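Build the full structure now, drawing on both the sequences and the hints.
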Amino acid sequence: MKYVDEYRSAPLVKGVIEEIRRTVTRPWTLMEICGGQTHAIVRHGIDQLLPPEIELVHGPGCPVCVTPLELIDKALAIASQPNVIFCSYGDMLRVPGSGRDLFSIKAQGGDVRVVYSPLDAVTLAQKNPEKQIVFFAIGFETTAPANVMSVIHAQRLGLTNFSVLVSHVRVPPAMKAILGSPHNRVQGFLLAGHVNAVMGYHEYPPLLEEFQIPMVVTGFEPLDIVQGILKTVQLLEEGKVELANAYQRAVTFDGLKSAQAAINKVFCECDRTWRGIGMIPMSGWCLRPEFEGFNAEKRFNVSNIHTQESSLCIAGQILQGLKKPHDCPAFGKECTTENPLGATMVSSEGACAAYYKYGR
Amino acid sequence: MTDETINIEGAVCAPPLPHGEQIVMGHGAGGRMSHQLIQKAFMSVFDNPALKSGDDAALVVPEHGKLSISTDAHVVFPLFFPGGDIGKLAVCGTVNDVAMLGAKPLYLTAGFILEEGLPMETLKLVVASMKSAADEAGVQIVAGDTKVVQRGKADGLYITTAGVGVVREGVNIGGAQAKVGDVVILSGSIGDHGIAVLGARGELGFESTIQSDVAPLNHLIDAMLDASNNVHVLRDPTRGGLATTLNEIAVQSNVGISLEEQSIPVHPEVNAACEMLGFDALYVANEGKLVAIVAKEDAEKVLSAMKQTRYGEGAIIIGEVTAEPKSRVLLKTALGSTRIVDMLAGEMLPRIC
Chain A
211 MKYVDEYRSA PLVKGVIEEI RRTVTRPWTL MEICGGQTHA IVRHGIDQLL
261 PPEIELVHGP GCPVCVTPLE LIDKALAIAS QPNVIFCSYG DMLRVPGSGR
311 DLFSIKAQGG DVRVVYSPLD AVTLAQKNPE KQIVFFAIGF ETTAPANVMS
361 VIHAQRLGLT NFSVLVSHVR VPPAMKAILG SPHNRVQGFL LAGHVNAVMG
411 YHEYPPLLEE FQIPMVVTGF EPLDIVQGIL KTVQLLEEGK VELANAYQRA
461 VTFDGLKSAQ AAINKVFCEC DRTWRGIGMI PMSGWCLRPE FEGFNAEKRF
511 NVSNIHTQES SLCIAGQILQ GLKKPHDCPA FGKECTTENP LGATMVSSEG
561 ACAAYYKYGR
Chain B
2 MTDETINIEG AVCAPPLPHG EQIVMGHGAG GRMSHQLIQK AFMSVFDNPA
52 LKSGDDAALV VPEHGKLSIS TDAHVVFPLF FPGGDIGKLA VCGTVNDVAM
102 LGAKPLYLTA GFILEEGLPM ETLKLVVASM KSAADEAGVQ IVAGDTKVVQ
152 RGKADGLYIT TAGVGVVREG VNIGGAQAKV GDVVILSGSI GDHGIAVLGA
202 RGELGFESTI QSDVAPLNHL IDAMLDASNN VHVLRDPTRG GLATTLNEIA
252 VQSNVGISLE EQSIPVHPEV NAACEMLGFD ALYVANEGKL VAIVAKEDAE
302 KVLSAMKQTR YGEGAIIIGE VTAEPKSRVL LKTALGSTRI VDMLAGEMLP
352 RIC
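Going down the list, the sequences are from chains A and B.
Each residue of the first sequence is one higher than the one before, starting from 211 at the first, in our numbering.
Each residue of the second sequence is one higher than the one before, starting from 2 at the first, in our numbering.
Not one of these hints is a red herring.
Capping the alpha-carbon separation at 25 Å, the derived lysine-lysine pairs in DSS-like fashion look like this:
| no. | chain 1 | residue 1 | chain 2 | residue 2 |
| --- | --- | --- | --- | --- |
| 1 | A | K316 | B | K154 |
| 2 | B | K333 | A | K534 |
| 3 | A | K337 | B | K154 |
It is worth saying that the hints were derived from the structure and are not from the lab.
Here the structure is a predicted model, which means the values were calculated and not measured.
Laid out in structure tokens, this is it:
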């Protein structure tokens with residue numbers, strides 16, 4: 211497949227890995243922020259090819275994983291209502307709330323649908339004026355432009371039967387929380403290239419300044435990932451604290467201004483609870499007051515649902531890079547992809563699922 | 002009063018409407034309408050002596066040897082998709098399952114669950130497609146049943162087929178027969194059916210020309226068994242895809258299976274769709290492909306026999322059977338690393354980003 215195969219070329223990837231080998235002189239711990247990168251790393255076995263000095267820890271960048279249990283319980287409550295068509299990205303259907311998931315709501319008669327684009331949910335709202343259409347707007351900066359477009363589009367069409375259940379999170383505050391933790395081991399960051407494609411990387415210099423570690427914008431194909439690792443290792447070895455871009459074909463410093471403008475029109479920053487981690491101040495996006503009419507939490511009166519996380523699962527420590535999936539006593543035993551106990555086992559982007567699926 | 006005075010003498014209830022345009026509940030009531038439907042829609046098309054006898058069961062003369070029997074229920078939506086339809090699927094699915102034990106499929110039965118309101122034209126097209134697939138496979142549809150359910154209780158029509166075939170003399174093929182050192186042969190590219198059906202549902206969000214691979218594979222299997230007595234396992238990787246099928250074989254035979262990622266053929270369009278949706282082609286359904294586990298010394302013979310058949314042109318060796326790790330499928334990635342290929346856990350879900 212053009213523009214994909216080139217970035218999976220074994221000789222090119224191996225060449226860069228050789229260069230990493232030549233560059234590295236001591237152990238370094240790097241974190242890839244994005245769950246999509248975690249998935250690619252284990253799928254292509256990149257971690258096996260790296261020199262032993264380099265340890266990759268997996269970051270909190272799986273939107274499905276970090277969506278808090280409470281929000282999922284709210285989604286389940288809304289989806290159970292008789293006049294509702296509840297629309298979601300596919301892999302959210304399997305995420306367990308307190309004992310149930312969207313699949314079970316569907317089996318019990320709830321109208322739960324997978325959409326590939328939030329605009330499909332808006333179309334459903336147009337076609338079904340007698341129904342309430344709710345879109346589960348989750349994700350990082352990557353999905354935000356499409357999610358806010360659904361609200362903008364619904365407003366433009368004057369739809370009163372469309373609303374969104376928002377659980378949006380942002381990368382920089384999560385990185386700040388990780389770096390600020392007394393247990394932090396991360397010495398260099400591979401930034402989530404698709405987040406940067408939207409947002410650029412102008413938000414990161416303050417983090418660089420505060421925590422004095424190198425950060426490299428990194429893509430998702432094997433060649434992109436090893437180039438990101440190489441650049442980070444080079445900066446670490448040279449003792450440089452720099453912000454570099456190893457994903458120039460998709461990312462500019464400023465990012466997509468039009469997408470950022472759309473996000474800022476609809477969303478404002480707010481505190482957000484991350485599943486397994488807890489509340490991170492100003493780490494999320496919520497609807498601006500002028501778009502409150504599209505807030506499904508208000509429309510369906512589910513704001514009073516409060517759920518505690520399970521104490522068994524160590525997803526939180528995994529999401530912060532403090533532990534690896536193997537460190538969990540339940541990994542592969544009580545907790546499998548068929549019967550996930552926690553968020554990181556649920557999504558295909560979750561570190562536990564990636565380890566389980568690819569036999570790490 | 003005019004000439005149009007009502008004349009009650011000799012009045013009779015109006016005969017029921019013929020309902021030739023669509024299925025109504027009466028078509029499943031067992032009376033005249035049912036008989037007419039069976040006669041018109043099924044008997045005249047499938048047309049063979051065993052079916053035409055009109056008895057409660059079909060009478061056939063057993064052939065010598067072991068019987069291979071299978072059944073399969075078909076509920077695909079939409080009913081028609083590029084490269085096939087539910088009728089072709091219902092015939093090929095069972096023909097292939099029967100043939101995978103090294104059997105020559107002979108007879109099928111078909112159970113139809115029709116939804117009230119199904120256009121008769123749709124049924125005709127499906128039945129014609131079944132007939133054409135059955136002819137290609139060389140099997141007869143010798144018995145059937147029809148039920149009609151209320152509108153909304155089914156998705157147009159469902160078809161269950163059962164099939165019976167006779168296993169070749171001296172052939173012992175099964176999922177538990179894979180031996181260490183055997184090679185794994187795949188008959189062609191994977192994922193075509195699953196992506197074609199998604200495309201037909203309008204769920205891809207872009208146009209595609211991908212056709213389902215649905216096809217009867219019994220003649221391909223004949224060619225393979227003519228070429229070698231050392232075909233150990235045959236299986237068609239339908240739902241759950243190649244990954245799930247190979248995991249089943251690894252468990253049944255208590256062996257490891259090692260695959261070469263680069264050798265597994267995937268149509269570029271299927272690959273593109275998978276990349277966009279976050280699917281892995283290894284888990285996408287096929288309906289006209291088989292995976293064969295064959296003794297190494299016969300691999301080339303089998304491969305060249307396959308390549309001379311219509312549905313085996315793209316046949317290729319994709320891996321080998323290993324002693325360890327038992328019950329596991331390993332994949333050597335293009336980069337030279339190794340990962341485990343697990344079974345599909347639940348439903349295949351598109352990833353968020």
